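Colleague: Residue numbers (our numbering), protein chains in the order written: chain A, 1 to 320; chain B, 1 to 320.
Quick caveat, the hints were computed from the structure, so don't treat them as lab data. Please read all numbers here as calculations on a predicted model, not as lab measurements. It is possible that some hints are incorrect.
Copies of the same chain are indistinguishable here, so a pair counts whether it falls within one copy or spans any two.
PhoX-like mimics (lysine-lysine), calculated; alpha carbons at most 20 Å apart, straight line [said to hold, decoys possible]:
(1) K74 / K288
(2) K90 / K288
(3) K74 / K90
(4) K234 / K203
(5) K234 / K207
(6) K104 / K203
(7) K26 / K234
(8) K104 / K288
(9) K234 / K126
There are 2 protein chains.
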Amino acid sequence: MFLGIDLGGTNIKVGCLDSQLALIYKISQATNADMGPDVVVDKICETVDMLLSENGLTMDIIEGVGLGAPGPAKIEEGIVISAPNLPQFKNIPIRRIIHERLAKPTVFENDANAACWGEYVAGAGKGVRDMMFFTLGTGIGGGIISNGELIHGFSDNAAELGHMIIHRDGRPCACGQQGCVEAYASAGATAKRATEAVEAGAKSSLKKKLKENGEITCKDVFGHYAAGDRLATKIAEGTSSALGLLCVNLLHITGPQRIVFAGGMIAAGDILLERIRHHFRQHIWPLKEEPLEICFATLGGDAGIIGTAALALHEYERNL
Amino acid sequence: MFLGIDLGGTNIKVGCLDSQLALIYKISQATNADMGPDVVVDKICETVDMLLSENGLTMDIIEGVGLGAPGPAKIEEGIVISAPNLPQFKNIPIRRIIHERLAKPTVFENDANAACWGEYVAGAGKGVRDMMFFTLGTGIGGGIISNGELIHGFSDNAAELGHMIIHRDGRPCACGQQGCVEAYASAGATAKRATEAVEAGAKSSLKKKLKENGEITCKDVFGHYAAGDRLATKIAEGTSSALGLLCVNLLHITGPQRIVFAGGMIAAGDILLERIRHHFRQHIWPLKEEPLEICFATLGGDAGIIGTAALALHEYERNL
Numbered sequence: 001m002f003l004g005i006d007l008g009g010t011n012i013k014v015g016c017l018d019s020q021l022a023l024i025y026k027i028s029q030a031t032n033a034d035m036g037p038d039v040v041v042d043k044i045c046e047t048v049d050m051l052l053s054e055n056g057l058t059m060d061i062i063e064g065v066g067l068g069a070p071g072p073a074k075i076e077e078g079i080v081i082s083a084p085n086l087p088q089f090k091n092i093p094i095r096r097i098i099h100e101r102l103a104k105p106t107v108f109e110n111d112a113n114a115a116c117w118g119e120y121v122a123g124a125g126k127g128v129r130d131m132m133f134f135t136l137g138t139g140i141g142g143g144i145i146s147n148g149e150l151i152h153g154f155s156d157n158a159a160e161l162g163h164m165i166i167h168r169d170g171r172p173c174a175c176g177q178q179g180c181v182e183a184y185a186s187a188g189a190t191a192k193r194a195t196e197a198v199e200a201g202a203k204s205s206l207k208k209k210l211k212e213n214g215e216i217t218c219k220d221v222f223g224h225y226a227a228g229d230r231l232a233t234k235i236a237e238g239t240s241s242a243l244g245l246l247c248v249n250l251l252h253i254t255g256p257q258r259i260v261f262a263g264g265m266i267a268a269g270d271i272l273l274e275r276i277r278h279h280f281r282q283h284i285w286p287l288k289e290e291p292l293e294i295c296f297a298t299l300g301g302d303a304g305i306i307g308t309a310a311l312a313l314h315e316y317e318r319n320l
Numbered sequence: 001m002f003l004g005i006d007l008g009g010t011n012i013k014v015g016c017l018d019s020q021l022a023l024i025y026k027i028s029q030a031t032n033a034d035m036g037p038d039v040v041v042d043k044i045c046e047t048v049d050m051l052l053s054e055n056g057l058t059m060d061i062i063e064g065v066g067l068g069a070p071g072p073a074k075i076e077e078g079i080v081i082s083a084p085n086l087p088q089f090k091n092i093p094i095r096r097i098i099h100e101r102l103a104k105p106t107v108f109e110n111d112a113n114a115a116c117w118g119e120y121v122a123g124a125g126k127g128v129r130d131m132m133f134f135t136l137g138t139g140i141g142g143g144i145i146s147n148g149e150l151i152h153g154f155s156d157n158a159a160e161l162g163h164m165i166i167h168r169d170g171r172p173c174a175c176g177q178q179g180c181v182e183a184y185a186s187a188g189a190t191a192k193r194a195t196e197a198v199e200a201g202a203k204s205s206l207k208k209k210l211k212e213n214g215e216i217t218c219k220d221v222f223g224h225y226a227a228g229d230r231l232a233t234k235i236a237e238g239t240s241s242a243l244g245l246l247c248v249n250l251l252h253i254t255g256p257q258r259i260v261f262a263g264g265m266i267a268a269g270d271i272l273l274e275r276i277r278h279h280f281r282q283h284i285w286p287l288k289e290e291p292l293e294i295c296f297a298t299l300g301g302d303a304g305i306i307g308t309a310a311l312a313l314h315e316y317e318r319n320l
């Protein structure tokens, strides 16, 4: 069996996979990120122990461990350089630490890549060799599988797919650039664009939401879009059109067979998926046929633990 | 030794490399593309024979052959699906044909990827594992090396880097899309944007060029830019800024260590390179340091024959 550890700013999730990539057991506990790396490491080990003992297992049956964490990081060394959601993690060699504590071969991957790998081996990416993966949440994260392997790039910074500039000198992005796709099409940006428009006086059924709840969420936007509100339609179309354009550009770069969208925003459902596909078709090279499947992720919140455990299995098989 | 064959619409170039990737002999002949595949294949074999006999060699010392041709193509099968510059090539299994004629292991690659591989192993890409490559000519072609291998993508259509959309609903591109980087920053588009502006009445020293020569070339634009002409400056800045933005986006996707520009337009020299670097720095994520080297190719017109021969060597070593 293989353990997958998904270290997030809020929760530590641990899963146990068999060699067929079936998720047998899983558990989740609060990270206590603000208490610093030592406490978080203890918490990880405690969560692993809890998962094993609750299910009558011991470490003896574990062949390898996969660990995912937010970045930027040095992937091969398994060092978290810094992470906004893990504030005291500065150059923490988390892979080595966990390897020493659990005494099992341990591989490290950044969280978005780990979730991408999970979908690739056991979710919406099954059966393809070339895939791109997006998480649509507060920001936009990504992962790229090319010819069956994750792309890391020279500085382990590849697949920062939310920070492709699609509008030169456009909306400011949290990263400091202008016009990033994240500044238009993340759940956060979708909510923000709607809020700005309502506050600027646009007529919309969303106005009531803002008054009642003090905020407009991305979910509100897609709900009111489905109900036919004109502003919500404009905002949601802006989001899906930016994502469709992104698909066009990425098809011309690494040539994926399938693009998989994940994250909270996909709760918007078929209406979002259909519009992304529509805008993709509107923008793509019309002079030749380019097959591309655009779909939603299927593993939900388990993608990270499945992906990290599967990476541990991948490494194990590589070393056989 | 290894033979590299660079089949273009105008010329067939053949080169002979030793196992240290030194280009020992080369030769070039007219393709006679309009006479169809049979004649072109004969011409290729004749050119190979000529290279060998002129230098007192025989096929015995050739361990493998690399063949590059314009696409779209099926890379592994070595089939040219169609090629604007080779008008009668429709689903021609050129790799198999050349393999049978020359009786040597033969690998196939599309021309831009082959030139990319040439620069990677023996030119401006030496010493890196992650590189992107652009040819700036009439259009913009590209190649991507990730972790030491070319990226082909699912349909062998990866690295169509000129067709990234940088301006939504922007200038029409020959591919049928709108707002492609090729529609702004190729040599062809640079000349065209300048011509359009002059014809629309813009004041410029380029006006005389248009009158005298009946056209404005990309070379003219960069020449008049260097001399301080205002319109030429605006056009050239538009070109280099689109290329700088492209570098930003690609850094966030496959994370190259080095981006190499090739093709006729790099004759514009340091002024172009400096401006691309400038616009890259203007647009890049300012919140973290991201090292990226931007430079010009060094192999000129030999990149294709060096790249194809080097791919034959790469395949030979893989099979050892």
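Colleague: Are the hints correct? Go through all of them and say.
Modeller: Hint by hint, here is what the structure shows:
no.	hint	verdict
1	K74 / K288	between (40 Å within a copy, 14 Å between copies)
2	K90 / K288	between (48 Å within a copy, 14 Å between copies)
3	K74 / K90	within (12 Å within a copy, 47 Å between copies)
4	K234 / K203	within (12 Å within a copy, 41 Å between copies)
5	K234 / K207	within (15 Å within a copy, 44 Å between copies)
6	K104 / K203	neither (59 Å within a copy, 72 Å between copies)
7	K26 / K234	neither (41 Å within a copy, 59 Å between copies)
8	K104 / K288	neither (50 Å within a copy, 34 Å between copies)
9	K234 / K126	neither (34 Å within a copy, 48 Å between copies)
In this structure, the hints that do not hold are numbers 6, 7, 8 and 9, in rising order.
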